[in-house]
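Got two chains here, each in a separate frame; can you build the complex from them with the hints?
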Amino acid sequence: VGDGQNPLPVPDHPDVSAVGLRALLVEDDEDQRMILELLLRQLGCEVIIAADGREGLELFSQHRPDLVVTDWQLPYCSGVELTQAIRSQLGRQDYCYIILMTARPDISAITEGLQGGADSFLTKPVQELELSLGIEAARRILKLRRHLRRRNERLRRAHEEIRSAIRQLRSDLDAAAMAQAELLPARGTGVPGLSCEWLFDPAAQVGGDMLGLVPLANDRMFFFQFDVTGHGVRAALLASSLHADLHRAAESADPEVIVADINRRLAERPSDESSATMVCGVADGLSGRVRLVRAGHPYPIVIRADGTVEEVQEGGLPLGYLSRSWYQSCEVQLGRGDRLAIHSDGLDEQLWGEGLQLADMLSSLSARPLPALVAAVDEARTMGEADDDATLMLIERLAG
Amino acid sequence: MIQVEQEEPVCVVVIESPRLDAARTPELRSALVSIAGGRSQLIIDLSQVDFIDSTALGGFISVLKALGSDGELALAGARPPVRRLLELTRLEQVMRLHPTLDEAKAAFDT
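Chains as they are written, first to last, in the numbering used here: chain R, 1 to 400; chain X, 1 to 110.
Bear in mind the hints are in silico, worked out from the structure with no lab data behind them.
Treat the hints with care, since some could be wrong.
Heads up, incomplete: computed chain R residues facing chain X, CB under 8 Å, no partners named [as the list claims (entries may be wrong)]:
#1 T229
#2 E273
#3 S275
#4 T277
#5 P298
#6 Y299
#7 G315
#8 G316
#9 L317
#10 P318
#11 Y321
#12 L322
Pairs of lysine to aspartate or glutamate, DMTMM-like flavour, derived with a Cα cap of 20 Å [claimed, not checked]:
#13 R:K124 with R:D29
#14 X:K65 with R:E268
#15 X:K65 with R:E273
#16 R:K143 with R:E153
#17 X:K105 with X:E5
#18 X:K105 with X:E72
All C-beta atoms, glycine included, are put in the ideal place defined by N, C-alpha and C.
Chain X extracted, bound-state conformation (with noise of 0.2 Å):
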């Protein structure tokens, strides 16, 4: 369901899944919680994902919180529906967004 694509200068995890919703939140959670633990910095791609509802928003919240209160996430290449609830959401409040990974990449690195 998850792939790291990189470890450094920053940890870029890819979520393979096309739907993020109930049933798959919290494996996904799980996993996301873990690769955060001891880390202050991630990215999730999330340009293959087509769907995500609410449970899985609190998912990220989750790895949010899991980054430490220096943590930064950033969200990276959301499709137009998964932007639409993340935009709905006011998520970037507490969180970056990034139209692609590159973008979040070279945010990080600046």
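For reference, chain R alone in the conformation it holds in the complex (with noise of 0.2 Å):
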């Protein structure tokens, strides 16, 4: 055990450059051990001391210095050995800077030390501003490398943030999801004389698109579509407002008073450029009869039962654009077998994706029964990342 030693407490030193370093020095020669730990301390660094490689190592293990400056031969190991024990001890988490002194600094020497670990030499004997030199770039090294390890602990807490932040914002997305997945019809929703189907698939998991279908007195039911511009949450918290709005004014079965009254609103709402565009009307079960108010929602399209279709054209403005705009209804006759199909551009551009028209598919497959032409349409839309919410509403009147 070395004269010197010190009984130092555990380290946990925050900053090198305030507290000086802590260095263990391995010498066992005495006289040079005195010197050199009299510079070490005039450089500011306390000073722990081994008279031998072993020895060394206990003490590196015991006080975890900043700092070790060692002699090449030493007794039971050589500072070569130490040096490789200290890094293997240290793993790549933590560091140490470790000086060399060696009285034959060839070049494979330089190399044997470097491979061993060690960071710089010192040509014995070693003068007074050499060591200094030497402290100063260890003093430099480990303070950059306590910054870096403060500043990957802040990275990686700020990591954990967002992944948590993230996951919140998923499970706030599922959520969503589901409580719009709960605003669209039950399926089978119809009247006596009248059968829908529909299709409904959000872009995001929650989308700008909605579609709804509420039965009424005397065999009538009220049914709407809509698009607002967009999609994502923004888009869905102002499809889940429509959708209240529509559901409430459904009673008056009044489509040209609804769809004005929700466009007023959209253009009067402050700071905002939403807009939509959509479909609502009402169609009677027993006459066959479609009353609709189309706002620059894609033409619906009727498919008679022998399979030609038609186009309905007449329409205003989207919705949301000028609070003056005017919306006049037109009327549809569904005779026994014919369809009315109503859906969004985003399922257009899907369809377009495979080279197919909606309304030739929807001609094509006139035969099959609704739930099978869904799906058929389903089934012929481009898959993959699709960046519009898609949606198809289809209302059948009955052949018997």
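Here you go:
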């Protein structure tokens, strides 16, 4: 055990430059040891002393110094072996600056020392200036390492926070998607004389498309479909609120008034450029008469029982553009077995991607029952990353 | 993205971007609205545009509003896919649609 060994507390230095370096000096020659210890103290180091390689490793494990200054030739193990042992003990996370002292600093010795994990070399006999430059270099590097470690720790924490925020967002979106799905009409919603089927596929988890079917008295049914500009949460929130408005207004069974009201409300929203396209109307299960209003939405398609198709082109501006817009309804007469299809432009794009036209598909597949027809359209769409919501709603006047 | 082709007698703005979508609309809207400010008539030449979406239509409505209550906006030279959307959304109810820029200019002269 070296003469000047200090019982130091467990190392926990927050900042190297502020408190100085904790140095382990390993040197078997007593005179050299005393000189080096003195010099190290003068350079602001706290010094722990070891007289051979074995004691050096022992004291290193015990005190975890910032810096090791070791002679090359030592009893029990060499300075290079001590360096290797320290490096393997520290692993990749921790660091210690190691200076090897040698009387013969030739190229092969330097190579061996560097490969063993030494940071720099001092030639013996050690000069004060050389040692002080070596300690300065150690100080700079240790400071940098600590800075890096603190920064990595902050990054790790930030990363964890972001991950947890994303988890939260995902679960919120899942909940929103479920809430939105609950707004959709129940499968099989209809009234005597009318049967309905639909397809709804938001591009993100939630979307700006929505549809509704509300059975009314006297075998009539109120129906609507709309597409709020954009998609994602912002569009979905507005879609939910429009859905509620339309359900409340359904009883009035007056599409012209309903659409004009919604248009005014959207147009008068302050600091908001939201708009929507929509088709809404009332279908009569007894007579097959349909009265509808189209506001910028893709043309509704009438598919006659014999497979011929017609587009309903009457209509007005999208909702939310101009508060003074007016909307006039038009009438469609459905014969027995005729169908009315209402869809959003997102579906058109997905079918165009496959070289298909919705009207042609509905015509050529008109013999199929509604659920099979909707399934066929669903299957024909471009699969993959859709960038718009896709919606299709079909209303059929039953044959019998 | 846009070029003012002429100032008098009626201002003509040429859109030089082939796609007008949600990503470009804010910039386009503010550029067009600032040109429209203080004027009452404007022609927008769409002959170089291949695609527009509903947010860009909303941008044209903002321009129409900026032209004031007596303002007149004309869209000229719309290509088939663009014209299809203009028809679908019935924009001709509030602005003039002309097949070519010359026809749009002539309509303002008379």
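Taking the hints in turn, this is what the structure says about them:
A cut of 8 Å between beta carbons decides the hint on T229 (chain R): the least distance to chain X is about 5 Å, and the hint holds. Taking 8 Å as the C-beta contact cut-off toward chain X, the hint placing E273 (chain R) at the interface holds, the least distance being around 5 Å. Taking 8 Å as the C-beta cut-off, the interface hint given for S275 (chain R) holds, the closest approach to chain X being about 5 Å. The interface hint given for T277 (chain R) holds, since its Cβ lies 7 Å from the closest Cβ of chain X, which is under the 8 Å cut-off.
Because the closest C-beta pair between P298 (chain R) and chain X is about 7 Å apart, less than 8 Å, the hint holds. This hint holds: Y299 (chain R) has a C-beta 7 Å from the nearest C-beta of chain X, less than the 8 Å allowed. Look at G315 (chain R): its Cβ gets to within about 6 Å of chain X, closer than 8 Å, so that hint holds up. Look at G316 (chain R): its Cβ gets to within about 5 Å of chain X, closer than 8 Å, so that hint holds up.
Interface restraint check: L317 (chain R) against chain X, minimum CB-CB distance 5 Å, threshold 8 Å, status holds. With a least beta-carbon distance of about 5 Å to chain X, the hint placing P318 (chain R) at the interface is held under the 8 Å criterion. Because the smallest distance between the Cβ of Y321 (chain R) and any Cβ of chain X comes to about 4 Å, under 8 Å, the interface hint for this residue holds. Interface restraint check: L322 (chain R) against chain X, minimum CB-CB distance 6 Å, threshold 8 Å, status holds.
Taking the CA atoms of K124 (chain R) and D29 (chain R), the gap is near 12 Å; set against the 20 Å cutoff, the hint holds. With a CA separation close to 13 Å, the supplied pair K65 (chain X) and E268 (chain R) stays within the 20 Å bound. Note on K65 (chain X) and E273 (chain R): the hinted pairing holds, with a Cα-Cα distance of about 13 Å set against a maximum of 20 Å. As the CA atoms of K143 (chain R) and E153 (chain R) are separated by approximately 15 Å, the hinted pair is consistent with the 20 Å bound.
For the proposed pair K105 (chain X) and E5 (chain X), the alpha carbon gap of about 12 Å is at most 20 Å, so the pair holds. Restraint check for K105 (chain X) and E72 (chain X): satisfied, since their Cα atoms lie roughly 12 Å apart, inside the 20 Å limit.
Going down the numbered hints, you'll see the structure goes against none, and every one checks out.
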